[in-house]
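*Asks:* Sequence:
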Amino acid sequence: MCDVVLDYVDKLTVPEEDASATFANHIRYITALQIALDYLFGQMQKLEQCLPKQREGTITWKLGAIGLSRPEMDMAAAAYRWYSVDLYSLATTVGWLTLGQQEHKAREYAKRVLGPVIVFRDKVGAHPQLVAPKRHTGTAADKDASTMFRVEAFDDRLVVGSATYGKTQKGSTSVSSLQRWSLTERHPEMQKRYWPPSPIVSTADSV
1 MCDVVLDYVD KLTVPEEDAS ATFANHIRYI TALQIALDYL FGQMQKLEQC
51 LPKQREGTIT WKLGAIGLSR PEMDMAAAAY RWYSVDLYSL ATTVGWLTLG
101 QQEHKAREYA KRVLGPVIVF RDKVGAHPQL VAPKRHTGTA ADKDASTMFR
151 VEAFDDRLVV GSATYGKTQK GSTSVSSLQR WSLTERHPEM QKRYWPPSPI
201 VSTADSV
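Using this note's numbering, the letters of the sequence shown map in sequence onto residues 1 to 207.
None of these hints come from the bench; they were simulated from the model. Just so it is clear, the structure is predicted and the values come from calculations on it, not from any experiment. Do not take every clue at face value.
[Unchecked claim] Computed list of lysine-lysine pairs in DSS-like fashion (alpha-carbon distance at most 27 Å, straight line):
no. : residue 1 : residue 2
1   : K111      : K53
2   : K105      : K192
3   : K111      : K170
4   : K192      : K11
5   : K111      : K11
6   : K46       : K192
[What the hints assert, rightly or not] Label-pair restraints from in silico Cβ distances:
no. : residue 1 : residue 2 : range
7   : K170      : D10       : 42 to 52 Å
8   : D18       : H127      : 25 to 35 Å
9   : G171      : A24       : 52 to 62 Å
10  : T31       : E185      : 37 to 47 Å
11  : A32       : K170      : 15 to 25 Å
Ideal placement from N, C-alpha and C gives every residue a C-beta, glycine not left out.
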């Protein structure tokens, strides 16, 4: 009997008979997400090839210095939003399928695996904080920052999460911050976890 491996790092699997019948649509969904994530990775690599060389540890965000046009920067921002949402969808689906079909376990798994990506997804990628679900309601600064976050150049990569935003309203000051992460740095880690060497393969329980 073979199992279908969905997470190669944590060694999470589902029985092959379930993957080909009960969960066939779920497996197809995961594969489609992997293809989309690979596409975004490739597009971001192309943009990063256009970045000028900069001193190590330097953060650049102004258009004239970063070497990309406004439409290119807008596309990079859109790619980050898309990537964070699809990666969260992939991780929670894998968690749900392999951890007893329990929603809270799927969310906990995604939070552990995705790190700063899930913070970005919750505060920016999935929806602006202005209309966020109650469980994700943030500060006044969060609500502004979710629609004005910026993509920056850092160590020859395009990153998000470097900036901190502050807002003073009616005498009260709030701060919004994310955790810095790079799509092109994170994606190879996700490939290693979810689809080496190709999407959704079967492996024997014993040899």
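*Asks:* For K192 and K11, compute the direct alpha-carbon distance and say whether it is at most 27 Å.
*Replies:* With Cα atoms ~12 Å apart, K192 and K11 stay inside 27 Å; holds.
*Asks:* Could you tell me whether the CB distance from T31 to E185 stays inside 37 to 47 Å?
*Replies:* violated, 24 Å
*Asks:* When you check the alpha-carbon spacing of K105 and K192, does it fall within 27 Å?
*Replies:* The hint holds at about 22 Å.
*Asks:* Between K111 and K170, is the straight-line Cα distance small enough, at 27 Å or below?
*Replies:* Cα-Cα ~34 Å, so violated.
*Asks:* For the pair we were handed, K111 and K53, check the Cα-Cα distance against 27 Å.
*Replies:* violated, 34 Å
*Asks:* Taking the CB of G171 and the CB of A24, does the distance hold inside 52 to 62 Å?
*Replies:* holds, 57 Å
*Asks:* Looking only at beta-carbon atoms, does the pair D18, H127 fall within the given range of 25 to 35 Å?
*Replies:* Distance hint for D18, H127 holds at roughly 32 Å.
*Asks:* Has the given pair, K111 with K11, been kept, meaning a C-alpha gap of at most 27 Å?
*Replies:* Between K111 and K11 the Cα gap is close to 17 Å, so the pair holds against 27 Å.
*Asks:* Are A32 and K170 spaced within 15 to 25 Å by their CB atoms?
*Replies:* This hint is violated: roughly 46 Å between Cβ atoms.
*Asks:* Would you check the hint for K46 and K192, treating anything up to 27 Å between C-alpha atoms as holding?
*Replies:* holds, 21 Å
*Asks:* Given the hint of 42 to 52 Å, is the C-beta distance from K170 to D10 inside that range or not?
*Replies:* holds, 47 Å
When the structure is compared with the earlier hints, violations turn up for hints 1, 3, 10 and 11 and for no others.
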